[in-house]
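2 protein chains.
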Amino acid sequence: MLYSKLFGKTSKTMPSDEEAINSQLLIRAGFAHKVMSGVWSYLPLGLRVFEKIKDIVREEINAVGGQEILMSALQSKELWDETGRWESLKEIMFQFEGRGGAWLGLSTTHEEPVVDIARAKISSYKDLPFALYQIQDKFRNEPRAKSGLLRGREFSMKDLYSFHATKEDLDGYYEKVKEAYLRIFKRCGLEAMVVEASGGVFSKEHSHEFQVLVETGEDTIFYCEKNVRRPGLPGRPGLDTKCDFAQNKEIAEVYAGDKCPKCGRKVLIGKAIEVGNIFKLGTKYSKPMNLKFMSKDGKEQAVIMGCYGLGPSRILGAIVEVWHDDKGIIWPEEVSPCCVHLLDLSKDDKSNVRKAAKKVCEILEKAEWEVLWDDRLDVSAGEKFADADLIGIPLRILVSEKTLAKDSVELKYRQSGKAEIVKIKDLIKKLS
Amino acid sequence: MLYSKLFGKTSKTMPSDEEAINSQLLIRAGFAHKVMSGVWSYLPLGLRVFEKIKDIVREEINAVGGQEILMSALQSKELWDETGRWESLKEIMFQFEGRGGAWLGLSTTHEEPVVDIARAKISSYKDLPFALYQIQDKFRNEPRAKSGLLRGREFSMKDLYSFHATKEDLDGYYEKVKEAYLRIFKRCGLEAMVVEASGGVFSKEHSHEFQVLVETGEDTIFYCEKNVRRPGLPGRPGLDTKCDFAQNKEIAEVYAGDKCPKCGRKVLIGKAIEVGNIFKLGTKYSKPMNLKFMSKDGKEQAVIMGCYGLGPSRILGAIVEVWHDDKGIIWPEEVSPCCVHLLDLSKDDKSNVRKAAKKVCEILEKAEWEVLWDDRLDVSAGEKFADADLIGIPLRILVSEKTLAKDSVELKYRQSGKAEIVKIKDLIKKLS
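Chains G and B are the protein sequences, given in the same order.
Residue 1 is where the first sequence starts when you use my numbering, and the numbers rise one by one after that.
Residue 1 is where the second sequence starts when you use my numbering, and the numbers rise one by one after that.
Isolated chain G (complex conformation):
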């Protein structure tokens, strides 16, 4: 990809009305455009990251047997009246009258629609268990959303719903999804903690949240000091995860400094970002909506459900909150818009440096490395370096007269800042 042709270049000025680090950096680096408070558009580089996050989510949810579907944003009042949530979600659900007089809403979640689909298709214990998910846009009528991509009026969600004949079956699946979630966050570069929380408007049972410790987070949690690892942060060697105690402030029975009720170590307090949550719904939606099945012994029973949410756009924002420095973003490898940021310091399209950069680009692309090549001729070296730091691709490869004198390129790693000289002929071997 040629940077000269890419739409959405970096900008030097800091957006004045943005308080959140994620939105400041995503705007400045050319990843996102603010439509209005809590509403964002993705530019080409931002969309690449977004799609990579969604692909990771798909892989891991498919691996636990999730079947992907796609439900609508528009909702009918009649359907949501079946559970009483047309009224109870009134504050956060956009609701309006369509032509023809029917009341419509925009989805904030999809329990009602997914139960409506399930009841049209299943009838017997033989149809259970199954799990359906989608990656789709949700809407929330927030009066003011100011945390960049962390809290939107329009935002992306992966919502998974599981359907079971027994509570035991749900319990087993719930644990599987918990593990899948931890794999998703890890692959996205986030070390998430599993935190006990209330069910909120969705459920009366305790639920679990996945929280990422970061100073700018909206949530407060209490957690055992042994329940945290932060690999990759220099000077903070992680403890082994041996105690998983963590509670959201809303339901916490402990306070910072207390002894962990599970292992006796110290309880810590932290402002955190919630990146996912999982609930055991039981029959909360299946009963009022009449989602039943005929059991093996011929009895009609309500289907037992679980639901599992996770926000790709929020994950994107959280990654930037965790992975940045004063120069810009530091993308974790698997979600970086490209693998390599190639720089050449040519001022002339016919120079040897230019030719060598072209060759390096070809070598990399042939080996299926995604390259962002800053091929601009009218920009200073300093500006190119600063842009590379701001954009935050993990590996920078520099071609200059100095490196070419040794038939080499310079590799520089965005995270560690370390650099090394590598012969062009050894490049692919070195990288793989």
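Take these hints with a grain of salt, some might be off.
If several chains are the same, the list does not tell them apart, and a pair holds so long as it fits within one copy or across any two.
Derived lysine-lysine pairs resembling BS3-like cross-links, with alpha carbons at most 30 Å apart [to be verified]:
#1 Lys54 / Lys366
#2 Lys5 / Lys54
#3 Lys9 / Lys121
#4 Lys350 / Lys384
#5 Lys52 / Lys138
#6 Lys126 / Lys34
#7 Lys299 / Lys12
#8 Lys121 / Lys54
#9 Lys52 / Lys5
#10 Lys5 / Lys34
#11 Lys242 / Lys176
#12 Lys296 / Lys358
#13 Lys126 / Lys384
#14 Lys5 / Lys138
#15 Lys406 / Lys359
#16 Lys9 / Lys54
#17 Lys292 / Lys138
#18 Lys292 / Lys34
#19 Lys296 / Lys347
#20 Lys77 / Lys90
#21 Lys296 / Lys9
#22 Lys34 / Lys90
#23 Lys121 / Lys358
#24 Lys355 / Lys126
#25 Lys9 / Lys126
#26 Lys425 / Lys384
#27 Lys90 / Lys138
Derived by calculation from the structure, the hints in this document are not laboratory data.
For chain G, the structure is supplied; the task is to place chain B on it using the hints.
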């Protein structure tokens, strides 16, 4: 993929309130679920087709230099007031008041938002030309939508916007996109005609529509008899495309039976489905929204724009309208949910037929053929055959005691109905 585990099996009953062929078949075959009039959810098989259509669109639009972005559905009144379209689109745009008092709308199109992005990023002739597109959901406040996936209140759109310094540059790009569109429709199994039409609410210039001839279409067009080919429809050998004359009824200067003003052959009339449209916008949006650039000779000028729409969900519906018979859907190869529908007539999980089917499935999947294996044991052969016909995967492979006696399977082609016996060891060679 095991059919026994797949969510969204076929149903025997015809939905009583559906008039359109596409929705009747998509519901019965387990591809789609109706949320309400004009609003649909996609089940696993339907989503696979939908994603394949979107991938084809992406490939062809990327090939003409389109850069993918993703804009929001929520829109602010302020932005659309800049062009006066908050008022003029009032009838079809969902508009409502959010908490905090601001008026919000749901996008029916994205000229205003994309111009807002462009004006934040470009300033010089050096930044031109470029083209941005997205595949995103649009909303229309239709009082009653009754054509299945052809006309939705919520529907998917690929919308591409191009930005140019000169009219000539736009003209050249417009022709490129026209060709890309024809490639897209062809790969989707649709033979689309390029039809002159009015600009509608979007533009005062003439535009071009892409129309697929099918009896159930909503549009009426007049076209030269030489401007049509229908490959694959038995008994209708296509004429060579040598005259491209076609006009939408709305602007037509001819009538059926007239001489084609371009070539003198006969003009025909046809009810058609519009699957795409392209417009030269000129400075219609860039002028009121102040999207300018500094030209080579230092003059400030308004950017010249084109816009190009195409509906993946509508294409899906159109494919079914064109490609079906009284038994069910007949998917064109590139958009079929799977390549092969594998059937075995086992009643017992340990039978030789079952083992052979498993082996065939492994052979196919190893060769990267996507297989839908109807592995149900409690279903009759007749029911399996009928389901395969209804679902409409192009190739059916049958394993039975009879075929196994010859170490073979039966291949049957959904479109032609022809069958042949092939040795299992020769299967991959035969298919490739």
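These are the hints, each one checked on the structure:
For the identical chains of this complex, lysine 54 and lysine 366 are neighbours both inside a copy (25 Å) and across copies (26 Å), given an alpha-carbon limit of 30 Å. For a Cα distance limit of 30 Å, the shortest separation of lysine 5 from lysine 54 qualifies both inside one copy, at 26 Å, and across copies, at 24 Å. Within a single copy, lysine 9 and lysine 121 get their C-alpha atoms only as close as 49 Å, which misses the 30 Å cut-off; across copies the closest is 7 Å, which meets it. Taking the shortest alpha-carbon separations for lysine 350 and lysine 384, only the intra-copy value of 19 Å comes in at or below 30 Å, while the best inter-copy value is 65 Å.
Taking the shortest Cα distances, lysine 52 and lysine 138 sit within 30 Å of each other both inside one copy (19 Å) and across copies (24 Å). When the C-alpha separation of lysine 126 and lysine 34 is checked against a cutoff of 30 Å, the pair qualifies only between copies, where the shortest distance is 24 Å, while the shortest distance within a copy is 48 Å. In this assembly of identical chains, the alpha carbons of lysine 299 and lysine 12 lie at most 30 Å apart only when taken from different copies (25 Å versus 67 Å within one copy). Proximity of lysine 121 to lysine 54 under the C-alpha cut-off of 30 Å is found in both arrangements, the shortest distances being 27 Å within a copy and 27 Å between copies.
Proximity of lysine 52 to lysine 5 under the C-alpha cut-off of 30 Å is found in both arrangements, the shortest distances being 22 Å within a copy and 28 Å between copies. Taking the shortest alpha-carbon separations for lysine 5 and lysine 34, only the intra-copy value of 22 Å comes in at or below 30 Å, while the best inter-copy value is 42 Å. Proximity of lysine 242 to lysine 176 under the C-alpha cut-off of 30 Å is restricted to the intra-copy arrangement: shortest distance 19 Å within a copy versus 60 Å between copies. Taking CA atoms no more than 30 Å apart as the test, lysine 296 paired with lysine 358 passes between copies only; the shortest distance there is 28 Å, against 67 Å inside one copy.
In this homomeric assembly, lysine 126 and lysine 384 come within 30 Å of each other (Cα to Cα) only across copies, at 18 Å, whereas the closest approach inside a single copy is 61 Å. In this assembly of identical chains, lysine 5 and lysine 138 lie within 30 Å of each other by CA distance solely across copies; the values are 28 Å between and 33 Å within a copy. Taking CA atoms no more than 30 Å apart as the test, lysine 406 paired with lysine 359 passes inside one copy only; the shortest distance there is 16 Å, against 55 Å between copies. Taking the shortest alpha-carbon separations for lysine 9 and lysine 54, both the intra-copy value of 24 Å and the inter-copy value of 27 Å come in at or below 30 Å.
Proximity of lysine 292 to lysine 138 under the C-alpha cut-off of 30 Å is restricted to the intra-copy arrangement: shortest distance 27 Å within a copy versus 34 Å between copies. For a Cα distance limit of 30 Å, the shortest separation of lysine 292 from lysine 34 across copies, 20 Å, qualifies, whereas the shortest one inside one copy, 45 Å, does not. In this homomeric assembly, lysine 296 and lysine 347 come within 30 Å of each other (Cα to Cα) only across copies, at 20 Å, whereas the closest approach inside a single copy is 76 Å. Proximity of lysine 77 and lysine 90 under a CA criterion of 30 Å is satisfied in both settings, with 11 Å inside one chain copy and 22 Å between copies.
In this assembly of identical chains, the alpha carbons of lysine 296 and lysine 9 lie at most 30 Å apart only when taken from different copies (21 Å versus 61 Å within one copy). In this homomeric assembly, lysine 34 and lysine 90 come within 30 Å of each other (Cα to Cα) both inside a single copy, at 26 Å, and across copies, at 24 Å. In this assembly of identical chains, lysine 121 and lysine 358 lie within 30 Å of each other by CA distance solely across copies; the values are 27 Å between and 56 Å within a copy. In this assembly of identical chains, the alpha carbons of lysine 355 and lysine 126 lie at most 30 Å apart only when taken from different copies (23 Å versus 64 Å within one copy).
Taking the shortest alpha-carbon separations for lysine 9 and lysine 126, only the inter-copy value of 13 Å comes in at or below 30 Å, while the best intra-copy value is 55 Å. For a Cα distance limit of 30 Å, the shortest separation of lysine 425 from lysine 384 inside one copy, 25 Å, qualifies, whereas the shortest one across copies, 57 Å, does not. Within a single copy, lysine 90 and lysine 138 get their C-alpha atoms as close as 15 Å, and across copies as close as 23 Å, so both meet the 30 Å cut-off.
Comparing the model with each numbered hint stated earlier shows that all of them hold.
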